[in-house]
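**Student:** Okay, here's what each chain looks like letter by letter:
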Amino acid sequence: MTLALYRIDDRLIHGQVVVGWGQPLDVSFIVLVDDEVSSSDWEQDLYRMGVPPQIEVIFSSVEKAAELLPGWESDARVGILLVGDIDTAVALAGRVPQVKRFNVGGVHHRTGRKERLRFVYLTDDEAAKLRQLAARGVEVTAQDVPTARAVPVGEFT
Amino acid sequence: MSELRGVIVSHAAVAKAMVDAVTAITGIEGVLTPISNEGCGTAELGERLREAVGPGPAVLFVDLPGGSCFTSSARYAKQGGADIAVVTGVNLAMLLDFVFNRDIPPAEAARRAVDAGGKAIRVTSS
Numbered sequence: 000m001t002l003a004l005y006r007i008d009d010r011l012i013h014g015q016v017v018v019g020w021g022q023p024l025d026v027s028f029i030v031l032v033d034d035e036v037s038s039s040d041w042e043q044d045l046y047r048m049g050v051p052p053q054i055e056v057i058f059s060s061v062e063k064a065a066e067l068l069p070g071w072e073s074d075a076r077v078g079i080l081l082v083g084d085i086d087t088a089v090a091l092a093g094r095v096p097q098v099k100r101f102n103v104g105g106v107h108h109r110t111g112r113k114e115r116l117r118f119v120y121l122t123d124d125e126a127a128k129l130r131q132l133a134a135r136g137v138e139v140t141a142q143d144v145p146t147a148r149a150v151p152v153g154e155f156t
Numbered sequence: 000m001s002e003l004r005g006v007i008v009s010h011a012a013v014a015k016a017m018v019d020a021v022t023a024i025t026g027i028e029g030v031l032t033p034i035s036n037e038g039c040g041t042a043e044l045g046e047r048l049r050e051a052v053g054p055g056p057a058v059l060f061v062d063l064p065g066g067s068c069f070t071s072s073a074r075y076a077k078q079g080g081a082d083i084a085v086v087t088g089v090n091l092a093m094l095l096d097f098v099f100n101r102d103i104p105p106a107e108a109a110r111r112a113v114d115a116g117g118k119a120i121r122v123t124s125s
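Here the protein sequences line up with chains D and G, keeping their order.
End of the first sequence = 156 in numbering that gives the first Met the number 0, gap-free, step of one.
End of the second sequence = 125 in numbering that gives the first Met the number 0, gap-free, step of one.
Simulated from the structure, these hints should not be mistaken for laboratory data.
All figures in this text were calculated on a predicted structure; none of them were measured in a lab.
Keep in mind that a hint or two might mislead.
Cβ pair distances, simulated, as ranges [what the hints assert, rightly or not]: (1) D:V77 - G:A16: 32 to 40 Å; (2) D:D44 - G:S1: 28 to 36 Å; (3) D:D123 - G:A23: 44 to 52 Å; (4) G:K15 - D:R109: 40 to 48 Å.
Glycine is no exception: its CB is placed at the ideal position from the N, C-alpha and C atoms.
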């Protein structure tokens, strides 16, 4: 099959991802791309605990993901790729032309960010980066759960 | 030693409802603090935990053994500096036992909670 979902979510692996998206997509693997988590066995154990044993979890740095992503895309199984922030999404899309879409699933409040949607808070700089990503041909939408409407980047940035 | 506190960490309003239920059943207030992950990312959830736990000691009662509530709680227990234990799969039975048995260290209270909560899970069929 392929990577069915490229998602930006600062909670990384959590219920919305594993159950909300994982069930309807019948996901068999989750790729978590995060330089910090990929270098911490303890953090990886934490995230694995939230995933049923039949779903494989792959932890990767951005650099390694750029190398391995074509293989994940051609995997016979269905997978989800997760990043925790917009900079990581931009870095990955910049290195791998196969990245054609990103779902903004959860970027929460922090100092300097403004509410764009109930589950999306962005600084002006982050909003601009998402628009630039879209201008490069990546489809950027915001959608927390599959039953919600996919909001085009122009409507929330 | 400060008094042992309980902090319930959940999705949506589960934690608040559990605190209300414990108060309704026991009349005991001020021992349990509810935290929801509603609308907050990892950093803000960590801040909510810091405010609720204070100097500790505390037991964090988390709804699921995985996900943002759990990862934030486990991370805070490891890095927060207070004496903290984490229990997952919170249910009302373990909380009712906890509020009456807090003169013990967090790790022991956590084990006791798991025992009390586990015993409350049964199947009744005709």
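**Student:** Kindly indicate which numbered hints from before are broken by the structure, ordering the numbers from low to high.
**Tutor:** Violated hint (a single one): 4; every other hint is consistent with the structure.
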